[in-house]
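Peer 1: Please build the complex by placing chain A on the supplied structure of chain W, with the hints as guidance.
Protein chains: 2
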Amino acid sequence: MSAEIRLAARELAERARLAARKLARSSSAEREQAVRAAADAILLRRREIEAANAADMGKARAEGLPAAMLDRLRLDGDRIDALAGSLREVAALPDPVGEVVEAYTRPNGLRVERVRAPLGVILMIYESRPNVTADAAALCLRSGNAALLRGGSEALQTNSALVDCFEDEAVQLVPPDRLLLDELLQLEDKIDLCIPRGGPGLIRFIAERSRVPVIKHYQGVCHLYVAADADLEVAERLLVNGKTQRPGVCNALECLLIDGRIAGNALPRLARALRERNVELRCDDRALRILTEAGASALAAQPDDFGREFLDLKLAVAVVDGADVALAHIARYGSRHTESICTRDPALAERFLREVDASCVLWNASTRFNDGGELGLGAEIGISTSKLHAYGPMGLRELTCTRFVVRGDGQVRT
Amino acid sequence: MSAEIRLAARELAERARLAARKLARSSSAEREQAVRAAADAILLRRREIEAANAADMGKARAEGLPAAMLDRLRLDGDRIDALAGSLREVAALPDPVGEVVEAYTRPNGLRVERVRAPLGVILMIYESRPNVTADAAALCLRSGNAALLRGGSEALQTNSALVDCFEDEAVQLVPPDRLLLDELLQLEDKIDLCIPRGGPGLIRFIAERSRVPVIKHYQGVCHLYVAADADLEVAERLLVNGKTQRPGVCNALECLLIDGRIAGNALPRLARALRERNVELRCDDRALRILTEAGASALAAQPDDFGREFLDLKLAVAVVDGADVALAHIARYGSRHTESICTRDPALAERFLREVDASCVLWNASTRFNDGGELGLGAEIGISTSKLHAYGPMGLRELTCTRFVVRGDGQVRT
Chain W
165 MSAEIRLAAR ELAERARLAA RKLARSSSAE REQAVRAAAD AILLRRREIE AANAADMGKA
225 RAEGLPAAML DRLRLDGDRI DALAGSLREV AALPDPVGEV VEAYTRPNGL RVERVRAPLG
285 VILMIYESRP NVTADAAALC LRSGNAALLR GGSEALQTNS ALVDCFEDEA VQLVPPDRLL
345 LDELLQLEDK IDLCIPRGGP GLIRFIAERS RVPVIKHYQG VCHLYVAADA DLEVAERLLV
405 NGKTQRPGVC NALECLLIDG RIAGNALPRL ARALRERNVE LRCDDRALRI LTEAGASALA
465 AQPDDFGREF LDLKLAVAVV DGADVALAHI ARYGSRHTES ICTRDPALAE RFLREVDASC
525 VLWNASTRFN DGGELGLGAE IGISTSKLHA YGPMGLRELT CTRFVVRGDG QVRT
Chain A
165 MSAEIRLAAR ELAERARLAA RKLARSSSAE REQAVRAAAD AILLRRREIE AANAADMGKA
225 RAEGLPAAML DRLRLDGDRI DALAGSLREV AALPDPVGEV VEAYTRPNGL RVERVRAPLG
285 VILMIYESRP NVTADAAALC LRSGNAALLR GGSEALQTNS ALVDCFEDEA VQLVPPDRLL
345 LDELLQLEDK IDLCIPRGGP GLIRFIAERS RVPVIKHYQG VCHLYVAADA DLEVAERLLV
405 NGKTQRPGVC NALECLLIDG RIAGNALPRL ARALRERNVE LRCDDRALRI LTEAGASALA
465 AQPDDFGREF LDLKLAVAVV DGADVALAHI ARYGSRHTES ICTRDPALAE RFLREVDASC
525 VLWNASTRFN DGGELGLGAE IGISTSKLHA YGPMGLRELT CTRFVVRGDG QVRT
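Just so you know, the protein sequences line up as chains W and A, in that order. Start counting the first sequence at 165; every next residue gets the next number (the numbering used here). Start counting the second sequence at 165; every next residue gets the next number (the numbering used here).
Isolated chain W (complex conformation) (with noise of 0.2 Å):
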């Protein structure tokens, strides 16, 4: 049985292998027109996809999942041409692959380049959304790579749908076996990068598992550091933003640190904006006596709230006395995600933006903006919050590596 399996995983891993080497001698026009030819097939096999999903959606309604899951599994005629016009804007982002990042000619004559190309082969493992589906193979394919795509069970046949679009062998639908799996993530000749997108439980069992080298998209624990000179106006419209406006994504903010010198008279206010979009206040002890003071509505914190991705409409709240005291709090509990100050003294501003560690630092602008459409990317395949190789969204370029590429008239080392 396993001798079975583990063929059965170099088998994919080879036939991705075999066709990861045959999209590197492909042209740009041609991973162009594979990516537009899905989104076609995706508007023709409309019918087939929505049956798909409903045969999905039937057994997930069966097992009892939770209102939230049959929303995210959901595909519906709006979500499918969501899904084809999305397929369409990767196709036309700009080709990563062959990008002269750097060119140089050295003293002995040697003309140097580095070259961007594609990576080999993107195992993905993620859990319900079939968009991710789509994209993730768009992405892929697009940027030179095969793709061999894991999602979650419950998602099954509609996943296989979306794949049967993709007429490349560069995309591959990974059976939800976990010993499969398993396989696959000890083949690391054959597999050149492991993402997992999913919860952090997910996440740390691929990373313990994997051989394969895996880029970690780990939790957004954001920061909004409201400094004593702070615009409140501005910092109201961060706080609004970076909390309510989508509170279950990983770029929305988490915890309020606000200066203690202006925390008596700004801190009621910033409530009041808060309290009004029912967001829950988690209050360490001063901020918890300004509030209370003020008649406004607060919790103590729970010792785990700060460091926490609520994940919902609730934020801690600390009053600091400070930079300093800012910047080690949020060295202590930040995730290395998304930290953003207000204030309007550029001097303050840039030492944060220098001091801070995390995949985007941001000053006076919502958390919310680390994304790879927002800042530019295109589209993303997700946030990576471990530092090599990418360090926030990742979009086209970051599923490529550089070569150095070297022509010479007989040049040898002496």
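Simulated from the structure, these hints should not be mistaken for laboratory data. A quick note: this is a predicted structure, and the numbers were derived from the prediction, not measured. Fair warning: there could be bad hints in the mix.
Since the list can't tell identical chains apart, any single copy or any two copies may satisfy a pair.
The calculated lysine to aspartate or glutamate pairs, modelled on EDC-like cross-linking and capped at a C-alpha distance of 20 Å, are [what the hints assert, rightly or not]:
1. K186 to D488
2. K186 to E514
3. K186 to E196
4. K186 to E333
5. K380 to D573
6. K380 to E352
7. K380 to E263
8. K186 to E519
9. K478 to D353
10. K478 to D235
Peer 2: Using the frame of chain W, we list chain A on its own:
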């Protein structure tokens, strides 16, 4: 006992993390000066370093270490001078930290920059050469990273004396204790990157155990493909240089692929040049027949001679019929390190440069050029054969990541 070791590992790593945070606040001039000061200290403390090295050498001799290892371990006056000189060169390299890789303004007015920042804490694991201690410490420090240096136990006193020359707490020696190393490799929240340098056994050992991301510096099984239209004078030069200039290193040539259309005439000539330099040829059937008929000395290749890193005056030789076969051979047996083609045909050369998957591909140039210094990176901490983060020689820039730095005036997401 194991709790003690776990604690020791955490303390080491936490000191490094703190030092890294301090380094992130330092100026480029300060970091440059810290490396220069270490170079000065190495010259000032020459006697202490020599005494420490003499102690290590005495112990190594008593333990019967082979001559080649003793030579790698030895630090004499000239080598100490060279060491200090190499540190001065690293100090003078352009600072990668703070480099703005890209800058643009989004339609909503957000100013986005991608800025280089240190990785954080880097764990180097290597074998006997003490110069790696000084070089790695200098490269890490110059690029704002804290270094944990785990050299071979046979060089302990020498490494300790060298690390003492770095005043900065950002450079720490890791005692050569296997259990301690095991614990360090679990600390993915404290250590950002692990670079093992040494034999494939060491690298595999580390990669299997490490939760910290590893950049592998595997072996170089480097090929030269001499195409049918090659200038044979150039081919001979590349071949002799690739194989004999320094046979024990990873970018030395290990296999000659010669086109079937010219093998009959060209191979005996090329073989003669190699035989004059005592290179043993291990040939496939066709090459063996040609050479035997020409009265040249050659051996039949053993089954594992293709794909083998000889690191010696030995060369595998195969006759290939055209570029497709050459490319397939390299795809099968190459190690993604360095691959070269000798041809006068630009179209063929460009195909080779595009399709061969290796960290460095060369046209009419010796494989020996895949080296940080030769490619203009200034200095290298190793040559990565994995594609993530760095592929090929790693210089200062490859010890950094890029962060998104965003400046706004109150933008929120809608």
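Peer 1: All hints are to be evaluated individually against the structure, with a verdict given for each.
Peer 2: Quick rundown of the hints versus the structure:
no., hint, in the structure
1, K186 to D488, "between (54 Å within a copy, 13 Å between copies)"
2, K186 to E514, "between (47 Å within a copy, 16 Å between copies)"
3, K186 to E196, "within (15 Å within a copy, 46 Å between copies)"
4, K186 to E333, "within (10 Å within a copy, 50 Å between copies)"
5, K380 to D573, "neither (43 Å within a copy, 31 Å between copies)"
6, K380 to E352, "both (17 Å within a copy, 11 Å between copies)"
7, K380 to E263, "neither (26 Å within a copy, 25 Å between copies)"
8, K186 to E519, "between (44 Å within a copy, 9 Å between copies)"
9, K478 to D353, "neither (45 Å within a copy, 26 Å between copies)"
10, K478 to D235, "neither (22 Å within a copy, 64 Å between copies)"
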